[in-house]
Amino acid sequence: MPLNGGILIVGSLLWDERREGWRRSRLDMESAESVTAPIRYGRQSETRGNTYTIVFSRGCDTGKATVVRCRNAASSPDDVISEAEHLWAAEQNAAVSRKVSANWGCVTLLCNPKRNIPQTFLTGWANRVAQIQNYGNMAQPIGEGRLVSDGGLLQIAWPRRVADGSAVPLDFLLATATRPTLTGEPLAYPAVEMIANAWNADAGNHVEYFWKNIDNGICTFQDDEIRALLRARGAQAPSAFRTT
7 MPLNGGILIV
17 GSLLWDERRE
27 GWRRSRLDME
37 SAESVTAPIR
47 YGRQSETRGN
57 TYTIVFSRGC
67 DTGKATVVRC
77 RNAASSPDDV
87 ISEAEHLWAA
97 EQNAAVSRKV
107 SANWGCVTLL
117 CNPKRNIPQT
127 FLTGWANRVA
137 QIQNYGNMAQ
147 PIGEGRLVSD
157 GGLLQIAWPR
167 RVADGSAVPL
177 DFLLATATRP
187 TLTGEPLAYP
197 AVEMIANAWN
207 ADAGNHVEYF
217 WKNIDNGICT
227 FQDDEIRALL
237 RARGAQAPSA
247 FRTT
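Numbering of the sequence shown is given in the numbering used here, commencing with residue 7 and proceeding in unit increments.
Hints in this document: simulated from the structure, not taken from any laboratory. Careful, some of the hints might be misleading.
[What the hints assert, rightly or not] Taking lysine to any residue and the SDA-like style, the derived pairs with C-alpha atoms no more than 25 Å apart in a straight line are:
no.	residue 1	residue 2
1	Lys120	Ser81
2	Lys218	Glu39
3	Lys218	Gln242
I would like the entire structure built from these sequences, with the hints used as guidance.
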């Protein structure tokens, strides 16, 4: 039987207008639902003015992400790989190619532990990512363990619906894991103050990434603390930080 899959979304894939074509063609947006996921702000993004975006973290409290069902079922490993390639193209705002990773992150596979996933699917995915140099190789704080396995599997718990606590009723999920920007010794995620200060000093209004995540139900355990330190939504950065 074909496998039913979905995308585990933890950021702008859900709301960025540039990804609308991907969402419309590849996803059943009416199926979108809020689910649990261990997420936090932790990656400094050059394309967002060196402010922070969300990462998966095996050691943090759960937040709220979104799962959306894929329009097409997967009858073979190639179907899973194709879905991953479309996901990565959406991440890159680029045409679909054979790529599923870059130096800042990669598409990963998460399988429902209560479903019988054929080994051929797992092997096919593992063989695909094994061809990619440094795939899934991202630093993690001491004690968190490896986030992405050698076989390309995302090492987090299977998500549960926020509405009733039940397990997401799909066979597999694809998700983009991004490399965190760790600091200090030993390496650690950026503090809430560092995250908020980056947005407060940014003249490009990239703080809308934070607000639009909240608007669309994507939340982390840090949100209340971050919000308390941010300037009012829509307010400009202080003139001392703005460029002319």
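Hint check:
1. Of the pairs offered as hints, the one joining Lys120 and Ser81 holds, with about 19 Å between alpha carbons and a cut-off of 25 Å not exceeded.
2. Restraint check for Lys218 and Glu39: the C-alpha separation of about 16 Å stays at or below 25 Å, so the hint holds.
3. A hinted pair counts as satisfied when its Cα atoms are at most 25 Å apart, and Lys218 with Gln242 qualifies at roughly 17 Å.
Violated hints: none; the structure is consistent with every hint.
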